[in-house]
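Number of protein chains: 2
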Amino acid sequence: MMQRPPAAPGMPIDAIDTPALVLDLDAFEANLDHMASLAAAAGVRLRPHAKTHKSPVVANLQIARGAVGQCVQKVGEAEILVWGGVRDILVSNEVVSPAKLARLAALAKIAHVAVCADHGQGVDAIAAAACDAGVRLPVLVEISVGSMRCGLPPGPDAVVLARRIAASPHLSFGGLQAYHGRAQHQRSVEERTASIASAAELTGRMVEDLRQAGLGCPIVGGAGTGTFALEAASGVFNELQVGSYVFMDADYGRNHPAPPFKQALFVLSSVMSIPRPDTAVVDAGLKALATDSGPPLVWLREGISYVSASDEHGKLSLEPEARPLKLDEKVMIVPGHCDPTVDRYDWYVGVRGSRVECLWPVAARGAMS
Amino acid sequence: MMQRPPAAPGMPIDAIDTPALVLDLDAFEANLDHMASLAAAAGVRLRPHAKTHKSPVVANLQIARGAVGQCVQKVGEAEILVWGGVRDILVSNEVVSPAKLARLAALAKIAHVAVCADHGQGVDAIAAAACDAGVRLPVLVEISVGSMRCGLPPGPDAVVLARRIAASPHLSFGGLQAYHGRAQHQRSVEERTASIASAAELTGRMVEDLRQAGLGCPIVGGAGTGTFALEAASGVFNELQVGSYVFMDADYGRNHPAPPFKQALFVLSSVMSIPRPDTAVVDAGLKALATDSGPPLVWLREGISYVSASDEHGKLSLEPEARPLKLDEKVMIVPGHCDPTVDRYDWYVGVRGSRVECLWPVAARGAMS
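For the protein sequence lines, the chains are A and B, in the order given. Following the working numbering from start to finish, the first sequence increments by one per residue and tops out at 378. Following the working numbering from start to finish, the second sequence increments by one per residue and tops out at 378.
Worth flagging that the hints you see were computed from the coordinates, not collected in a lab. Quick caveat: nothing in here was measured; it's all calculated off a predicted structure. A couple of the hints might just be wrong.
One copy or two, either will do: identical chains are not told apart, so a pair holds if it fits within one copy or between any two.
[Stated by the list, open to error] Think about it this way: if two alpha-carbon atoms lie no more than 25 Å apart in a straight line, the pair counts; the simulated SDA-like pairs of lysine to any residue are:
(1) Lys-335 x Gln-221
(2) Lys-339 x Gly-93
(3) Lys-118 x Leu-34
(4) Lys-118 x Asp-320
(5) Lys-324 x Pro-304
(6) Lys-271 x Ser-319
(7) Lys-324 x Ser-302
(8) Lys-271 x Pro-304
(9) Lys-335 x Arg-285
(10) Lys-324 x Pro-370
(11) Lys-324 x Asp-301
(12) Lys-335 x Ala-73
(13) Lys-271 x Gly-312
(14) Lys-339 x Gln-130
(15) Lys-324 x Arg-214
(16) Lys-118 x Asp-218
(17) Lys-118 x Leu-327
(18) Lys-335 x Val-169
(19) Lys-339 x Arg-54
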């Protein structure tokens, strides 16, 4: 069941029911604008990742600022976006199950939909689904450029796979997927620069190998919020798949330097217990905040830290000089990791200044399949 | 938006769309029966915790086996359970916001609803909401017996708070909430025994202090799946608030000895990439599996481990002697921590033998407020 909206437009922020996923609209819009201008200045296309925001509303705001479409990781996310008006989707991930591919091929009747592969069996499954549906699907070859997750090693096997795609009457070769996930959160600019230099070199050589095989790459895609400027400047990548920049989170904030975006996403919580003067407990714990990438941060309250989470409780520690918290007081928390935090909520509460301006559904919340 | 059901009754397990939350009904029913018989033999009431299962269906199966009602942590969970036919609910947690308390008081018109407090301001807020709604709410005093989260220290302040509750014409004193959360996952039986011996001694003394103040404790509640036998045998507790026993998880499995229940809950995933012979990637990552309490386990596949999760990917490591995985093969995964894993899904897929028997909504999924 979808949860009731925790607020209504016009309310003061203090009247929002907690925990709630709050979007600072001024910061959010500044982030949208800033990334759009950076991509335009670098001469690369922007295809932001909807795995972060899970929302056709956000996708359409990105597209209105020049993004060519959206990336997703799951067919279920692609469905929600297409049904919400997005016309160009890249599933930046392998899809190998015939049932999921049938859903993807059905979407291709009403939108431009591309998908990735890293194995011949996957290519054949995509071709079979496209054939059944009477569509032609662009397929990108995913190459592994440093993250050791999915993807073929760059080299001759990847050329063979690209040829297999190009040879199918039901497919077209869509280019390369070359995302270096691990590099996004490397803390120093030196590490990130080295990682993306290596990824770009591998990818560039792959593009050249494919060109010599007679295969052009419509998309050479990758990059995330931690490294996008490096891919954009590489001369190799033509699409940026940045996601987190729209919201930011505590983990990206720990990069040196932090990405040039404002913190726009918060979980609004309430103090439910003050068991000791140095401790307060808020109503946002493990179910309300992703804790996989380090602890959340308390926003704009000096000397107060979020120190531990249990299922429904977050424990705050107050240093002696911190201004004390009151029972039922609202506390804004910066999620440690924005993507999986967003995925637990049914609603964004958009705020501007001290008031609620809008409610947007997290329409692809839980779209895992 | 609620996600589509990933299966339909009658299907073979292999046809379930992934990732999916799968319940082995034989194991689940055995767990329900076993806990009911253990509580009955110990002469204590069972009030299982719905924060684990989030489902009126599961709640009603527990109640049909003798449970007196349900515990919840959130008003939103109480609403879903009462709307689903549960007649007796304890919010085993502080609720201090007037808006939430108004919702709780409204429920008290159609069900027996109790709540906890650890502060006079909280008691006054509950009394005001009860007065407004024209109901009388039982309120338990939460005491801190080892977990250092919410709750008053046992002693005279707790007696004062209980008197304040009893003195209100809109409230009744409901007893003591004395849950030792930290003890549940202490690995050795010696540690758990020592923790609960201490908790029981503190709680027993508190019951006696209240008796001398003329206040009886209708409920003396606590216990979890890791320690319930100790509370049941203590002679102090009269209600067990066990949650995870219905499902079990990898983290409880690491206790020595593990609680006497069967693993009933799984996330069914599919292999989406086999980048190297020693590695497979499944479609269940951070968004599909809670990783806060250690890694998930691969079920019944020797030599295969779930080694790391990213948002939508789970990386499996295969030892040389492991039977290889195939692309699109289904893999059953035991969640590291059941409660927050369940909370990410809209549907339980109930299976018996090799077939899907039922689909149940995770009706209170996301009910955080």
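Hints versus structure:
For the identical chains of this complex, Lys-335 and Gln-221 are neighbours neither inside a copy (68 Å) nor across copies (33 Å), given an alpha-carbon limit of 25 Å. Proximity of Lys-339 to Gly-93 under the C-alpha cut-off of 25 Å is found in neither arrangement, the shortest distances being 33 Å within a copy and 31 Å between copies. Taking the closest pair of Cα atoms, Lys-118 and Leu-34 never come within 25 Å of each other, the shortest separation being 34 Å inside a single copy and 40 Å across copies. Within a single copy, Lys-118 and Asp-320 get their C-alpha atoms no closer than 43 Å, and across copies no closer than 29 Å, so neither meets the 25 Å cut-off.
Proximity of Lys-324 to Pro-304 under the C-alpha cut-off of 25 Å is found in both arrangements, the shortest distances being 11 Å within a copy and 23 Å between copies. Taking the closest pair of Cα atoms, Lys-271 and Ser-319 come within 25 Å of each other only across two copies (24 Å); inside a single copy the shortest separation is 28 Å, beyond that limit. For the homomeric pair Lys-324 and Ser-302, the shortest alpha-carbon distances inside one copy (17 Å) and between copies (17 Å) are both at most 25 Å. For the homomeric pair Lys-271 and Pro-304, the shortest alpha-carbon distance inside one copy (19 Å) is at most 25 Å, but the shortest distance between copies (33 Å) is not.
Taking the closest pair of Cα atoms, Lys-335 and Arg-285 come within 25 Å of each other only inside a single copy of the chain (12 Å); across copies the shortest separation is 54 Å, beyond that limit. For a Cα distance limit of 25 Å, the shortest separation of Lys-324 from Pro-370 qualifies neither inside one copy, at 29 Å, nor across copies, at 31 Å. For a Cα distance limit of 25 Å, the shortest separation of Lys-324 from Asp-301 qualifies both inside one copy, at 17 Å, and across copies, at 15 Å. Proximity of Lys-335 to Ala-73 under the C-alpha cut-off of 25 Å is found in neither arrangement, the shortest distances being 43 Å within a copy and 42 Å between copies.
For the homomeric pair Lys-271 and Gly-312, the shortest alpha-carbon distance inside one copy (21 Å) is at most 25 Å, but the shortest distance between copies (45 Å) is not. Taking the shortest alpha-carbon separations for Lys-339 and Gln-130, only the inter-copy value of 16 Å comes in at or below 25 Å, while the best intra-copy value is 53 Å. Taking the shortest alpha-carbon separations for Lys-324 and Arg-214, neither the intra-copy value of 50 Å nor the inter-copy value of 27 Å comes in at or below 25 Å. When the C-alpha separation of Lys-118 and Asp-218 is checked against a cutoff of 25 Å, the pair qualifies neither within a copy, at 32 Å, nor between copies, at 73 Å.
Taking the shortest Cα distances, Lys-118 and Leu-327 never come within 25 Å of each other, neither inside one copy (56 Å) nor across copies (40 Å). For a Cα distance limit of 25 Å, the shortest separation of Lys-335 from Val-169 across copies, 21 Å, qualifies, whereas the shortest one inside one copy, 64 Å, does not. Taking the shortest Cα distances, Lys-339 and Arg-54 never come within 25 Å of each other, neither inside one copy (40 Å) nor across copies (37 Å).
Violated hints, in rising order: 1, 2, 3, 4, 10, 12, 15, 16, 17, 19; the structure is consistent with all others.
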